[in-house]
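Residue numbers (the numbering used here), protein chains in the order written: chain P, 149 to 408; chain C, 32 to 352.
Just so you know, the hints here were simulated from the structure itself, not pulled from any lab data.
Being a predicted model, the structure only gives us computed values, none of them experimental.
Ideal Cβ placement from N, Cα and C applies to all residues, glycine included.
Heads up, a few of these hints could be off.
On the chain C side, residues computed to face chain P include the following (Cβ under 7 Å) [stated by the list, open to error]: (1) Lys49; (2) Ala138; (3) Arg143; (4) Ser249; (5) Glu252; (6) Ser298; (7) Glu338; (8) Ile343; (9) Arg348.
One-sided excerpt, in silico: chain C residues whose CB lies under 10 Å from chain P [unchecked claim]: (10) Tyr104; (11) Thr130; (12) Ala149; (13) Phe325; (14) Tyr330; (15) Lys349; (16) Ala352.
From the derived model, a few chain C residues whose C-beta atoms are all more than 10 Å from chain P [to be verified]: (17) Gly66; (18) Arg241; (19) Ala326; (20) Lys327.
Spelled out, the chains give:
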Amino acid sequence: MEIVVLLKQVPATEAFIEIADDGVSVKTQNLKWVINPYDEFAVEEALRIREAHGGTVTVVSVGVEKTTEAIRTALAMGADKGVLINDPAAQGLDGLGVARVLAAALKQIAFDLIIAGQRAVDDDNFLVGPAVAEFLDIPHLSMVVKQELQDGRIRCHRTVEGGTLVVEAPLPALFTTQRGLNEPRYTSLPGIMKAKRKPLETKTLADIGLAPAVVTNRGARIAAFRLPPQRSGGRMIAGDSAQAKAAELVRLLHEEAKVV
Amino acid sequence: MSQAVLAVAEQNDGVFRKVTFEALSAGRIIADRLGGELAAVVLGHGVQAAAADLGRYGADRIRVADHPALAEYLNDAYCNVLAAVIEAEKPAVVVFGATTQGRDLAARLSARLNAPLAVDCLAIQAEGDALQVTRPMYGGKLLADVRLEGPLKLVAIRPNAMPITPLEKAGTIAMVAAEPGRTRTVFVEKTLDSGKVELTEADAIVSGGRGMGGSDFSVLEALAGVLGGAVGASRSAVDEGWRPASDQVGQTGKVVSPALYVACGISGAIQHLAGMSSAKVIVAINKDAEAPIFAKADYGIAGDLFELVPLITAEIRKLKA
């Protein structure tokens, strides 16, 4: 089983995000960078599938030099090799542009199964996984909490509003991860040492046969970042007893906030 | 340049999701701004009777794609049919609800039609041929104004973020070709808890965190019950195994916009705050009077949630009696 994981490096979820001076990007100094949490589920699931069915796990990412840290972490978890697309023309693309780059890279990599995060927790677009599947003309299944592989088919349990759908597709296919799929393993010291010797190839757009103009024509771009409205907040409800506090809260919710 | 707008309705067993009407109302505003018509399309099987409802929220015409192969949502069949409807209707903008289905379908379609997509939109403005949308990024830590350009733009609107405006229109209904085409995904089964209020669509959410101390969320369920809302959880509560992952509110869970959010025993980690900061009113209940959640709450009570929540539930029950 040849398994490919699509991986993005993102700021840690506990990070405080600040808008950069240009107003359309965020300050990247002092940020702690991690594997996108949903992609970490993808790496873990790929390793479990390899453990059960044999094969190879290849991690593919579009990024910058620093992104090799995230790929090395995935290699330390147990992935076999990494591919980084690092090209000035591949920075700051919109979601469709990133999907085009990944799809082009995947034309040079053998795969039976592609696993991607449902979304990256920075741009929250939910776009790249399904778009890569469309560009490669393979089926995709999103928001997966459980999968079973058998006889060249994959059966996935997908979470939807208020329940679960079970859907099947023939391989090659792509699925995207949902929280609950697995508990990603920690990297071990021997894993980290081994990862240093695993192959990590860096490619340019030319290497994957893409002309920059194919991806840089952005249909979606950020015009401005803003901070969400801040709450004045912190109005503490006082009272002599729990009963008095509860009654006062409900009165305020009813009369002042008008939400009850 | 086309000025038409197409709103994609989402139904489950013939019942429309609330966000469908929000998408229609948003679509109506964009169509008026562009000076074009609003069409609504519903895909499914045996959905013709329900389709008339779509005319009550400003659709000039309603397109029904009815086929046994569309009875359950499968992205390849839905994508094929919707691509054909878009080809026929030639809209400038297609509006989806940002549900699991809406996002999934819009993403695949975005790649097929080479049309830019923005999901979880909180506001949409048509500006000439371009569309400017406001959407959260970094799990709600920032708002981004995103500009979409091209002959066709796709937007998926966040449930509960935009108003529903009833508006009777001609709403002429026509059946359209519903050829599922080449499909590879196969529906096996579904399990839906129909009694459960979906977190992203709930008007009220009562969430529990580490302060719950265990998997007994019954006091929160009772409060959610009288409010007609849903129960959510912080990441710690989910990591402890007290609640299912689908209940998690936050940057790595669901981002929610209810009218009322009650955070119980949640200290207020930044990744949780990001997921609930767009709630209209936030109430925090926590033993620790210094908990960061209080700085983000409209109303706070320092105290024991197991004592306070049942009292609050009783007060609301009294009010509603």
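Hints versus structure:
{"no.": "1", "hint": "Lys49", "verdict": "violated, 11 Å"}
{"no.": "2", "hint": "Ala138", "verdict": "holds, 4 Å"}
{"no.": "3", "hint": "Arg143", "verdict": "holds, 5 Å"}
{"no.": "4", "hint": "Ser249", "verdict": "violated, 17 Å"}
{"no.": "5", "hint": "Glu252", "verdict": "violated, 16 Å"}
{"no.": "6", "hint": "Ser298", "verdict": "violated, 13 Å"}
{"no.": "7", "hint": "Glu338", "verdict": "holds, 5 Å"}
{"no.": "8", "hint": "Ile343", "verdict": "holds, 5 Å"}
{"no.": "9", "hint": "Arg348", "verdict": "violated, 10 Å"}
{"no.": "10", "hint": "Tyr104", "verdict": "holds, 8 Å"}
{"no.": "11", "hint": "Thr130", "verdict": "holds, 6 Å"}
{"no.": "12", "hint": "Ala149", "verdict": "holds, 6 Å"}
{"no.": "13", "hint": "Phe325", "verdict": "holds, 5 Å"}
{"no.": "14", "hint": "Tyr330", "verdict": "holds, 6 Å"}
{"no.": "15", "hint": "Lys349", "verdict": "holds, 8 Å"}
{"no.": "16", "hint": "Ala352", "verdict": "violated, 13 Å"}
{"no.": "17", "hint": "Gly66", "verdict": "holds, 23 Å"}
{"no.": "18", "hint": "Arg241", "verdict": "holds, 15 Å"}
{"no.": "19", "hint": "Ala326", "verdict": "violated, 5 Å"}
{"no.": "20", "hint": "Lys327", "verdict": "violated, 6 Å"}
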